[in-house]
Amino acid sequence: MGSLKIEIKNNDLRPDVSIVHFDGALDSASVTTINRNFNKLFEGKRLYTIADMSKVTHISSAAVGELMGCRQVLTEKGGDLVIAGLNLDVKTKMNQLGATKIFKFHNDLRTAMNAYSWQIEQKPEKVWISFPPELNFVPPVRQFVSRITRQKGYGQRDSFRIETIVDEACNNAVEHGVPDKARDIELFLKIDRSKLEIEVVNLSDPEKINSLKAISKSILGTEEKKFERGRGLALIKMLSNDLAIDFSGKGTTVHVTKLREE
Amino acid sequence: MNNENPYIFKVKIPADADYIPPIRKFVAEILQIKNFDPKFTFRSEVIVDEICHNAVTYGSQSLDATVDLVCSIYPDKAEFQINDQGGSAEHVERLKTAMDKRDEALEKEVEFFKSNKGLGLEIVRMLSAEVDLKIGDDNVTSIRVVRKREEI
Numbered sequence: 202m203g204s205l206k207i208e209i210k211n212n213d214l215r216p217d218v219s220i221v222h223f224d225g226a227l228d229s230a231s232v233t234t235i236n237r238n239f240n241k242l243f244e245g246k247r248l249y250t251i252a253d254m255s256k257v258t259h260i261s262s263a264a265v266g267e268l269m270g271c272r273q274v275l276t277e278k279g280g281d282l283v284i285a286g287l288n289l290d291v292k293t294k295m296n297q298l299g300a301t302k303i304f305k306f307h308n309d310l311r312t313a314m315n316a317y318s319w320q321i322e323q324k325p326e327k328v329w330i331s332f333p334p335e336l337n338f339v340p341p342v343r344q345f346v347s348r349i350t351r352q353k354g355y356g357q358r359d360s361f362r363i364e365t366i367v368d369e370a371c372n373n374a375v376e377h378g379v380p381d382k383a384r385d386i387e388l389f390l391k392i393d394r395s396k397l398e399i400e401v402v403n404l405s406d407p408e409k410i411n412s413l414k415a416i417s418k419s420i421l422g423t424e425e426k427k428f429e430r431g432r433g434l435a436l437i438k439m440l441s442n443d444l445a446i447d448f449s450g451k452g453t454t455v456h457v458t459k460l461r462e463e
Numbered sequence: 033m034n035n036e037n038p039y040i041f042k043v044k045i046p047a048d049a050d051y052i053p054p055i056r057k058f059v060a061e062i063l064q065i066k067n068f069d070p071k072f073t074f075r076s077e078v079i080v081d082e083i084c085h086n087a088v089t090y091g092s093q094s095l096d097a098t099v100d101l102v103c104s105i106y107p108d109k110a111e112f113q114i115n116d117q118g119g120s121a122e123h124v125e126r127l128k129t130a131m132d133k134r135d136e137a138l139e140k141e142v143e144f145f146k147s148n149k150g151l152g153l154e155i156v157r158m159l160s161a162e163v164d165l166k167i168g169d170d171n172v173t174s175i176r177v178v179r180k181r182e183e184i
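So the protein sequences, as listed, match chains A and B. Each position in the first sequence, counted from 1, maps to that position plus 201 in the working numbering. Each position in the second sequence, counted from 1, maps to that position plus 32 in the working numbering.
Pulled out of the complex, with its shape left as it was, chain B reads as follows (with noise of 0.2 Å):
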């Protein structure tokens, strides 16, 4: 494993909240195998089942809906990028809302997501080197997290 060549691991589940527990369990698995502490891959899960909660409840209009997985392990560092197929226009307002509010103090921040639903984004971020959103045309809602392992 070098960080040209990660291990990745893909995993497409319907987006149905049964399907959540055994996904998150897989990713901290996998990390333990790979050697991450017991700590990296407890909030890994943490992060993995927010962002995935988030995609089944907020992110999923039709019943056929899927979420999709993808997990890159690198020598220091794990990356986790969740899509959905998006939900209501407002939902994504909000969560593009929850995302910019990233430069203000973290109480403040934590009164504001805890009334708006979106203390799960918040969590993420607090545990995570990096948190992206992408809206594609299409309304795929893609959030990518960036952990780096802290005991190299």
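Chain A on its own, in the form it takes in the complex (with noise of 0.2 Å):
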């Protein structure tokens, strides 16, 4: 077995994270040098902690129990102790041990900072998306929209409505549109842990405004008359959250929030 070598590094891109190099071998002797470093870390105000263990050859149980220990004080203290970058032969040692149901594993250093933003800071991360205003096109934009939810945690549910409220904003945008190709519509998402936010905006066909005004009224209550049309926007309206439909310029903006529920 190699020798072990720890640096406790701050990273300028995440000053407020502590990540801790691994070199070598983590084997049953590095216990005493892991526990030594880790009481460094204890001291200090950055404990969230990263592991970078991309060196790291080989791990023994007893560095795993030792590891397990770190991260239950850093918990203690209001901190995670998260592990980034393991070869396959190390994560499947991991993972023999019972250890993958006590840490985070990310797959790289950026990885696991970008889940500190997200877990920790919660900070929303934001989508662009444009695209050319026919109907045959909406079914892969909701799905992308649904499939990045999934991803980022959002349960099934969830993400079905989610993909239901997709549909219908870019199908009206569609059908009340410009119908030019070099008009595209564009749909901005910003998702953080607790919410989506939705945004589609299309240029609008002058001919096809005025009713779609209508509609809008009679569907966010500020107008009694019920139209046949306009199902999709009770349907948006229903699903969500908080749902505004802007007519200033030339274009419509239906501005869609929901919640997080699962």
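Hints listed in this document are in silico derivations from the structure and should not be mistaken for laboratory results. Hints may contain errors.
Claimed, not checked - Residues from chain B that face chain A, not an exhaustive set, calculated with beta carbons under 8 Å:
#, residue
1, Tyr39
2, Tyr51
3, Pro53
4, Ile62
5, Ser94
Ideal placement from N, C-alpha and C gives every residue a C-beta, glycine not left out.
Bring the two chains, given one by one in their own frames, into a single complex with the hints.
Written as structure tokens, this is what we have:
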């Protein structure tokens, strides 16, 4: 077994996070070294720690146990210990030792830092997409959004409802927008752990804008009259937590907020 | 759809691996809609996956970095342009070297790329009609890939 080097570094991108770089074999003799280095961390303020294990060649059960103990101390103090960059052999060993139930694993350091932004800072992430105004492109767009929400940890039901909202909003944008391929429909997403904001923007067809305004007034409750059309907007309103429609300028903007329920 | 007036799709995602499976599936689905065959769409999915992974892993230094994809669909071809905000000098140099290796024998290249973690780019080149790299003054790295529809 090779010797072990442990180095605690700060990252300029994430100065509020401690990064512990391990290099070599984490055998049973390394327990004292691990303990000594983590004791320095416990005294500091940067309690969210990423263990960069991309250069770890071997891990023993004693070392895994020691890391579990370190994580427990960090979580009790309000921090966490996550693991990044493990090779397949070491990850398999940790899986056999049950460590995958305790630690969060990330493919690389950057993904681990992104996860900190997402989970701890609850920083929203933004996605933008523009597509030609044709109905047959709406299914890939709605599935794209639904896949993102599932990938970001939203439940199946929430994701399906979000897919329905996107489908209805984009279909409306195609049906009531200018049928010019050069006038793309734009979809903005702002997603965080607790909610998703969706904004669909299109250039309105002047011949259809008045009927759309009347339908939206009816749906949003500012006018009594009921319309046969406009079920899509009614469905969006039922499935979302907030719906706003803006007709200012030449375009129509539908803004929907959907809180995560699961 | 004609050659002067392609269908253009643009997507901007955070430089995070979580977004790559949705984006590659999106590309495959729009190609299917425009009647590209399953083999073409799957290979295009592979290309988008490889280049996006490179962009996220090597081409995004800041935490708020983004990756842009422009997909242009013509009757006889599909073009993908993927931009990232630029990696470290070492990674940019490695990318340039990988692009310059285009004239060597395939077997030799594969070995070279394996040892340099650049196999993804080699796969892209094998599956494409054209691959171009541009690195702007602001370090923005842009890879443009052209795939021709085979069944026409």
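Against the structure, the hints come out as follows:
no.: 1; hint: Tyr39; verdict: holds (5 Å)
no.: 2; hint: Tyr51; verdict: holds (7 Å)
no.: 3; hint: Pro53; verdict: holds (7 Å)
no.: 4; hint: Ile62; verdict: holds (5 Å)
no.: 5; hint: Ser94; verdict: holds (7 Å)
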